[in-house]
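Enquirer: Chain residues, written in single-letter form:
Protein chains: 2
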Amino acid sequence: MSEMQNPYLMFLGDVGDQLGAKTAQGIVDWRPDWCIGQLRFKGCVADLGIRDISIGDAVAAGAKTMIVGIVNSGGFLPPHWISEIIEALDAGMDIASGLHIRLGDIPEIQEAAIRNGRALFDVRHPTHTIPTGKGTRRSGKRLLAVGTDCSVGKMYTALAIEKEMRDRGMNADFRATGQTGIFIAGSGISIDAVVADFISGAVEELAPDNDADHWDIIEGQGSLFHPSFAGVSLGLLHGAQADALVLCHEPTRTHMRGLPHQPLPDLLTCMELNLTAAKLTNPAAIFVGVAINTSGLAMDKRRDYLTALEDELGLPCMDPFKDGTAAIVDNLS
Amino acid sequence: MSEMQNPYLMFLGDVGDQLGAKTAQGIVDWRPDWCIGQLRFKGCVADLGIRDISIGDAVAAGAKTMIVGIVNSGGFLPPHWISEIIEALDAGMDIASGLHIRLGDIPEIQEAAIRNGRALFDVRHPTHTIPTGKGTRRSGKRLLAVGTDCSVGKMYTALAIEKEMRDRGMNADFRATGQTGIFIAGSGISIDAVVADFISGAVEELAPDNDADHWDIIEGQGSLFHPSFAGVSLGLLHGAQADALVLCHEPTRTHMRGLPHQPLPDLLTCMELNLTAAKLTNPAAIFVGVAINTSGLAMDKRRDYLTALEDELGLPCMDPFKDGTAAIVDNLS
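Protein sequence lines, in the order shown, are assigned to chains A and B.
The opening residue of the first sequence carries number 211 in this note's numbering; numbering runs sequentially from there.
The opening residue of the second sequence carries number 211 in this note's numbering; numbering runs sequentially from there.
None of these hints come from the bench; they were simulated from the model.
There may be inaccurate statements among the hints.
Intra- or inter-copy, both count: the list cannot distinguish identical chains.
Said to hold, decoys possible - Straight line, CA to CA, 30 Å or less: simulated DSSO-like cross-link-like pairs of lysine-lysine: (1) LYS511 / LYS373; (2) LYS489 / LYS344; (3) LYS232 / LYS274; (4) LYS232 / LYS344; (5) LYS532 / LYS373; (6) LYS511 / LYS532; (7) LYS252 / LYS232.
Note that the structure is a prediction, hence the values are computed from the model and not measured.
Could you put the whole structure together from the sequences, leaning on the hints where they help?
Expert: What follows is the structure in structure tokens.
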């Protein structure tokens, strides 16, 4: 998929809760300079904490793409949003959407895009034919964030590592495999939406041959221990050919996300299986650190938990949100 | 997907080599009673070894579905086959195709199907929305054929086990996960064609709750050790919740299929990783046998190889094609 042009106008419509704007909030958190303002209808409950702005003012301020970074149940596009999207196209912006429905499947939007020569980005949908994975070794280096479960901070961890590396002047690019990450990176592949035969091939394309000192910092998805999505995680692991793995974990979770009957793996077991699988395409793969989302732990328990875990695993363990990722980046060479 | 109706008329068109009719040949080998005859154009090189028959005679003999069981490079439908397909629809048959292109995407075929009230089956394409996998334990029992590599006899082994079980009066159904298997079973899901997030969910749907004494004999795909397709294999393994696993192997292969740089796993390593992964959704999973395709071994080496393997693995090892699968079925209880 080609690159989305920034800066972005963040379209929220009249989304009914703050959680529905989670994707948009992620973009504002990680790429504040790209976000010119937010466009909200009367009745919109969410607020990204940036200025409200009209389509005309956004374009005058340089906005190139309007982002429909909304999650709603069903993934549909409310009909009363269509005219605003057409107005944005007529004003000269591209449109990018994370909804399940494709923008181009709505005839008025498709027609307006063609009329104005603008691009429509449906980040959930692969836009081109992906080859099957080959497993051939590629130049450059790669780090992959893996998890004990879904939604344990893999994207956040990867972005925090990219930032730390760039702050140190290292040659690193975050590689997005989910919709929020794609908006943040400006490109990427929604890996859980590709056809099953092409999972590892999609990751090989996402993180191709590169300079010897270049690091792809690849966003993981799911978990090898999640009965719903482990196939995605394994294909991603094989396609990544990771030199370095970071395990992400949320210590207060009592079962695998969405599956009350399914226990979480312990961290050592999870690391062992990830390493075994990773070595198929990169025998030199190692773990370089563990990222813990400690937001559910009491302040006085946090440090003890991390210290005990470091002793057990022999790896730097930290909460990237509170502690940064310096100790992980120190391990990358 | 709904069930295809048999008997079948096997359509070969003017396919250029016997290998292009491999799928059709598999159907004839496993379901000879379903195959009323073959329809071949002048210049057709392939021969299924059954009688040549016209559309009219096939319908008169009871044919319900015409099978386009052809593999060609590109997966397209040669334009000069279209009129014959329309004639078959007009004569009252459904059409089933294993090509990449969808029959319904060809307007004349779609129109003829509607006009005649006939069904079009595109076995490579999932026909409906599949839920994500849940990993919840299901009633009934399941056997899954897994492999050291692609194309090592997983479908053949599963079908041979189903046949042996049925010959013994056991309650067993072959569950197809690839196109040839789907034609043979009359239904199934082409698992490598589903969207990545739904691999295990598709298998849960394919082998649902059943009677306590019922066995689903599930066709495996790929290998946990194949860098291109391991995600499919893992999702299939989790979705299957196999009680019993059979490892399939081709002992003369020198590298993973299609990947000259990728060595084959040894059998014990392959069994260990499959068992570890299988136990996520069925802690009682065990291996019950090993199926070897010995067609590449000299006659006098064959028996020694299997005996040595039995000693090493402590499991019945046989070539299902030459030795049957009785020793595996003896292990099912």
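Enquirer: Indicate, hint by hint, whether the structure satisfies it.
Expert: Hint-by-hint comparison with the structure:
In the homo-oligomer, the alpha carbons of LYS511 and LYS373 lie at most 30 Å apart inside one protomer (27 Å), although the nearest pairing across protomers, at 60 Å, exceeds that limit. For the homomeric pair LYS489 and LYS344, the shortest alpha-carbon distances inside one copy (15 Å) and between copies (28 Å) are both at most 30 Å. Proximity of LYS232 and LYS274 under a CA criterion of 30 Å is satisfied intra-copy only: 21 Å inside one chain copy versus 52 Å between copies. In this assembly of identical chains, the alpha carbons of LYS232 and LYS344 lie at most 30 Å apart only when taken from different copies (25 Å versus 35 Å within one copy).
In this assembly of identical chains, LYS532 and LYS373 lie within 30 Å of each other by CA distance solely inside one copy; the values are 14 Å within and 61 Å between copies. Taking CA atoms no more than 30 Å apart as the test, LYS511 paired with LYS532 passes inside one copy only; the shortest distance there is 14 Å, against 64 Å between copies. In this homomeric assembly, LYS252 and LYS232 come within 30 Å of each other (Cα to Cα) only inside a single copy, at 19 Å, whereas the closest approach across copies is 62 Å.
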